[in-house]
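Chemist: By the count of this note's numbering, the sequence shown reaches residue 636 at its end, each step adding exactly one.
Treat the hints with care, as some may be off.
Beta-carbon label-pair distances, calculated as ranges [to be verified]:
| # | residue 1 | residue 2 | range |
| --- | --- | --- | --- |
| 1 | Arg-416 | Leu-542 | 31 to 41 Å |
| 2 | Lys-442 | Gln-615 | 23 to 33 Å |
| 3 | Leu-542 | Pro-444 | 34 to 44 Å |
No lab work stands behind these hints, which were simulated from the structure alone. Computed from a predicted model, the values in this text were never measured in an experiment. Each residue gets a CB set at the ideal place from its N, CA and C atoms; glycine is no exception.
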Amino acid sequence: MKLLYAIQATGNGHLARAIEIIPALMQFVDVDILVSGIQGDLHLPYPVSFQRHGLSFIFGKHGQVDVLKTLNSLRPVQLWKDIRHCPVEQYDLVIHDFEPITAYACRHKGIPNISLSHQASFQYSETPRPSRKNPYAEWVIRNYAPSKENIGLHFASYHPDICTPVIRSEIRKLTPENGDHVLVYLPAYSHQFLVENLQKISDIKWKIFSKHCHSYYTEKNTEVFPVDTRNWLEALRTCAAAVIGAGFEGPAEALSLGKKLLVVPMKNQYEQQCNAAALKKLGVRSLRKINDKAIPDIKKWLNEGQAKMIHFPENTNEIVKKILKVS
310 MKLLYAIQAT
320 GNGHLARAIE
330 IIPALMQFVD
340 VDILVSGIQG
350 DLHLPYPVSF
360 QRHGLSFIFG
370 KHGQVDVLKT
380 LNSLRPVQLW
390 KDIRHCPVEQ
400 YDLVIHDFEP
410 ITAYACRHKG
420 IPNISLSHQA
430 SFQYSETPRP
440 SRKNPYAEWV
450 IRNYAPSKEN
460 IGLHFASYHP
470 DICTPVIRSE
480 IRKLTPENGD
490 HVLVYLPAYS
500 HQFLVENLQK
510 ISDIKWKIFS
520 KHCHSYYTEK
530 NTEVFPVDTR
540 NWLEALRTCA
550 AAVIGAGFEG
560 PAEALSLGKK
570 LLVVPMKNQY
580 EQQCNAAALK
590 KLGVRSLRKI
600 NDKAIPDIKK
610 WLNEGQAKMI
620 HFPENTNEIV
630 KKILKVS
């Protein structure tokens, strides 16, 4: 059996998940890999057969998607060509993690495919939403990379076809400690903006990781790091608390290590608002945005917030069995 595994490289969560699932699949089938998108920082330790520009949301510097840069990055003619010429017919099955080129190529050519992603969990009404739903955003999530077969991933198994997070082996091997720093990863904010605001809480050591930073530096009570796996893992392992975006893999990894957590959804990013609603049910606080007015709320969380550890079972083999059962 020959399988194509397609990954969306907007952010690192899709890539982190693939690092665990691909070798498990390789025990049973031949796997080729397609990666599309231009916002990933993680390196896949496997050969990539196809690299495509795809569709990416470009992070801004004040908590939002940079709409202008996102629009400028779009290549609609190339996208259409990539969909038409994607060789999905050479495979018995295509797995796509929120990857639109293969999803629409499979729809166009009638090739069996499975959506395996966090976003696939939004096909089910049981998945938590904020009090005010956004019908347009719901439509986008459902149709960005559609499939008739969906295996969702979320913080809890809200539906029989929703699995709990795939936690990287690198994270599972860590022995967590509570050090004296707070870890920050908010890719939709510039490090300069974060330093300017967080240094106002002067009794806290802040370790800020930034997509926008290219070299390490310190300023007052803040340290700023480029995104780097080794430094990130050690900072996460030893942090007293973490302030991160309301994505999926990042909060899941922090919770699996028992870290006190504060999440900040990107502005107008509905999926992250849904994640914040789900995390609230687990006792995790969220903050609407980072600015000068948010400082009292951050201080309150630092003083009163509680750490929460959630055991997410090793489920990679279970997911692979689901895939092979569908195929």
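Chemist: If a hint holds in the structure, say so; if it does not, say that too.
Modeler: Here is what the structure says about each hint:
1. Arg-416 / Leu-542: 31 to 41 Å: Since the Cβ atoms of Arg-416 and Leu-542 sit about 38 Å apart, the hinted range of 31 to 41 Å holds.
2. Lys-442 / Gln-615: 23 to 33 Å: Since Lys-442 and Gln-615 have Cβ atoms about 29 Å apart, the given range 23 to 33 Å holds.
3. Leu-542 / Pro-444: 34 to 44 Å: 39 Å, holds
Checked against the numbered hints above, the structure violates none of them.
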